[in-house]
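K.L.:
Starting from the known structure of chain A, arrange chain B on it as the hints suggest.
If you read the sequences in order, they're chains A and B.
For the first sequence, my numbering assigns the number 11 to the initial residue and increments by one for each residue that follows.
For the second sequence, my numbering assigns the number -7 to the initial residue and increments by one for each residue that follows.
The hints are simulated quantities; they were obtained by calculation from the structure and are not laboratory data.
Quick list of in silico lysine-lysine cross-link-like pairs, DSBU-like style, CA-CA up to 35 Å:
#1 B:Lys372 with A:Lys569
#2 A:Lys602 with B:Lys10
#3 A:Lys602 with B:Lys419
#4 A:Lys602 with B:Lys17
Please read these numbers as outputs of a predicted model, since none were measured by experiment.
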Amino acid sequence: MGYSIYGIGLSALNAAQVGMSTTGHNISNATTAGFHRQEATQVTNIPQYTGAGFLGQGVHVDTVKRIYSEFLDTQVLQTQTSFSRFDSYNAQASQLDNLLADVNSGMSPALQDFFMAVNDVSGTPSSAPSRQTVLSGAQAMVTRIQGLATRMTEMRDGINTQVRNSVELVNSLTLRIADLNQQVAIGTTFGQPPNDLLDQREQLIAELNKEVQVSVVKQDNGSLNIFIGSGQPLVLGTKQLSLSASPSTYDPERLEVGLVVGNATAVLDSSMLQGGNLSGLLAYRSEVLDMAQNALGRVAMGLTQTFNDQQKLGQDLNGDLGENFFTALSPKPPIAKYGNAAGLTATLTVGDVSKLTTEDYNLQWSATAGAWQLTTVKSGATVAMTGSGVPGDPFIADGMSIEVTGAPNDGNGFQFQPTRNAAGEINVAITDTAKIAAATPIRTAATLAANTGTGIISAGTVNATPVTPDPAHPSTDLNLKNQVTISFTSATTFDVTDAVNGVLDAGVAYTPGANISYNGWTVQIAGAPALSDTFTIGPTINGVTDNRNALLLAGLQTKNTLANGTATFQGTYSQMVSVVANKTNEAQVNGKAQQTLLEQATQTQQSLSGVNLDEEAANLLRYQQAYQAAGKMIQIVGTLFDTLLNLR
Amino acid sequence: MRISTGMVYAQGIGTIQKQQADVLKTQQQVSTGRRILAPSDDPVSSSSVLELTQYMNVNEQNGSNANVAMSKLQMEETALTDVGNLIQDVKNLAVNAGNGALSASDRTMLATELQNRYQALLGLSNATDENGQYMFSGYMGGTAPFSETTPGNVVYNGDQGQRGARIGARRQVAVSDSGADVFQRIKNGNGVFVTAATKANATSGTVDNTGSGVISPGNVLDKAKWNDPTNNKDFTVIFDVSNTIPAVTTYDIIDNVAGISLLTGVGPTGVGPYPRTYSTGGAISLKTVAPPDTNPVPFDFGAEFDIAGAPATGDTFTVKASTNEDVFKTLSNLLDVLTKPPSVAVPTALQNGLNTAMSNLDNALDNILTVRASIGARMKEVDSMQGTRADLTIQFQATISRLQDVDYAESISNLTLQQTHLEAAQKSFVSTQSLTLFNYINR
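Next up, chain A with everything else stripped away, as it sits in the complex:
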């Protein structure tokens, strides 16, 4: 009997000890990341049957268990990965957002200063200081645009670095998870859960989930298999598969995430990476940065092209036709897809700059359709093309002219990023103030002495599309500056005579105010000219106060020259700022929402699995008392033995 009571006391002593050490473990790990509080589960010993019934045989600790809910932990993981995505997206987008917000670094003030200077030249076309202001303003503007472009390129490089770091972190985490899988499997064989190993492994998964969203499948032996994207394995039992960050086949400056399987690498589309840091980075790059860089490039290209075109229709202070004001920009060369058939080449030029978009494009040969197909990179939408794509008859789509030579195989193709690099390459081409073409090369006159009618001739404009292009200035007509006389052969008809090429037209019917176009210019005659009245159109000579072209140049600021003639330079820039701002705002709002969800989920999970020090303090007291009580019991049993032993 006494022996059994000893045993009971001892079992209680042991159980209290285990309880105390578990409580101590909980207290010491109260701040350990990923720790779940543990609890010693006490069970009664098997009772002994006697004539008096079953006699209790004390207690033993059955197991030390984690207080863990798979449901709550998974919820934390999911909200965490979602929050991480928005958080890293926001961190990137905010940089661009702040860059564009800054009055000193944004493009708008520089653009406005430049056009203000052009306006001043229209007021005083021969003033050298005014002209110098235009050149300085232009230089300041291109520096500003280049600066923005450089920052964007740096951001792109920064993303590449972060993608590489993130991928390395993922690989090291998955390696450790695979290792822990093995340890857990060994631990499990003893029949008891290896609680702390499980906590460690879950913490690693939580960290992995911050980088990229994964799904976890539990195996019978206690190991966890980890999958990414649409089911690509990262960890299978004790085997780990690596992610890689490698240059895109289309764009060597663009790192893509791939899964290394054996010797091959399968590229993971950014749409397959749903949550985590990595997906935030990739989404920001394709949703915001690409668009912003393209949009800025479009402004640069549009400004260069339209300003140059107008400049070439003018005449500078030296009496020469205008030259390029900005260095002509060419689009980024086509990027050939890896594995294209030998000899397959494509050339890309920009035709109508007003039709350019902010998209990137893929051109792919489809053997089934037997045709080239153009799609946007971002949405994959098909873009209609005209032309046959052969030299001389290029494909025309969205302002691009594309010529392809060579024989393609199915799936061969090219990527076009027409405006990507333009902002970084914009530059002022002229340094001589006299080269600003403020004047118009032609001027008109109604012959003074001889005219008896009331006909008046307009100042005349130079046509944008030349009739016979001047090889030196392809936008103007070879005969533009010839002296031409319009002489009325009656009150209703006139002849047109070129001093160089002779009679251009005879007996033309006169309609007051109608356009009269020859040699690349257009004039209007209004009023009632009389028989033998003459009007002349000739070159502008010594036109130092002729500001007609300067007015047209200044007018480009408010002219809808871009986005299919719907937006000004400033308008397209504002659009870009608006998109960046909206995307940043979206990421911030979503991030905040996810943060709240994460806090709630963490709170719920912690309220179950977290350590409460007060609770542990109470437990300490409880186990202490239990221990003391058990000790007392043993002491009493000792006294009982003494009672027996003292019997004589």
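P.N.:
What follows is chain B alone, placed relative to chain A:
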């Protein structure tokens, strides 16, 4: 509900950090005066602000363009006022010269004065603006527009361009007028046709009229009829005085282009006939009056003039379509009239010459006034644009301010509230985190 001790700390710190972020943001808003610190704070407003800033900028630019335009127009207006006064003076001078009591030397003095006026006009026509550019040379601001090749003959070296200025989004005004339009494109005569007494001319063999007939500038009765295609617009009125007593003066009108008599319809074959009878000051109409006209084809050119005095046999007067005569030529012609050596017919020639000069001076003055009226209209337009523009600027500023500026009253009261919240969070955190059971376990 179970609380984990870690969460108590995490939440306490989290709340404090959130409050601090709010305080920092409001503080930044208050210190910069801007509600929108980054475009993402309000994407719609911030891109609107960008657009509006450009509009405001362009609006300001148009304002300074308008100021430049205004000063240029004012300068031109001043110059043309001087030109107008000068022509007015010359007119007075011409009226004086018609005074029969003047001696030849008086007229010489007038001629000297006229010579000075002529030089002054040449100076005015070559006026320059504040940048040293000639005002009246069209696009060729660096070229002096008017120069005298031979005495009395002034040529225009500029072109017919008009300089413009942008004063509104889609509005340009001309801020100059070419010298050709101001000083040269002036129709002589009455603006439609010009009458003259024939003067001696060695090349065409004409001689001065010997009678005392003085022709008026004439009137256009019906411009459409004058512009009728059958009107050759070049006529000579030729006089014949009969040897009878009393002498009867008759005349014929010759169509110089067709080479026939307008009144008889047949070519002049030597002398006569002279169908119409002349009465001094009576209207001579370019319209069939039958009888005495015998031309079977009736004509009506909608014009009439009169001749006063006593024309002599063979005296001729011409009626032609007006042509442009520059104001310099008008002045030098007047100078010629004043300095012409006296002859028998001096009073008549003088009178005819003065008549011509007077009507041409009127035309020149009219032209200057027309240009000035046009300048005035343009100045008014610039002025009204400036008014609209100033209103617009205020509107733009108000809108931009509404979109991006901070509401101080609201923000500062927010700031105070947020500070209170932050302090509360900090104090409560410190006081609650010290509550633990371990404080009471002291055995």
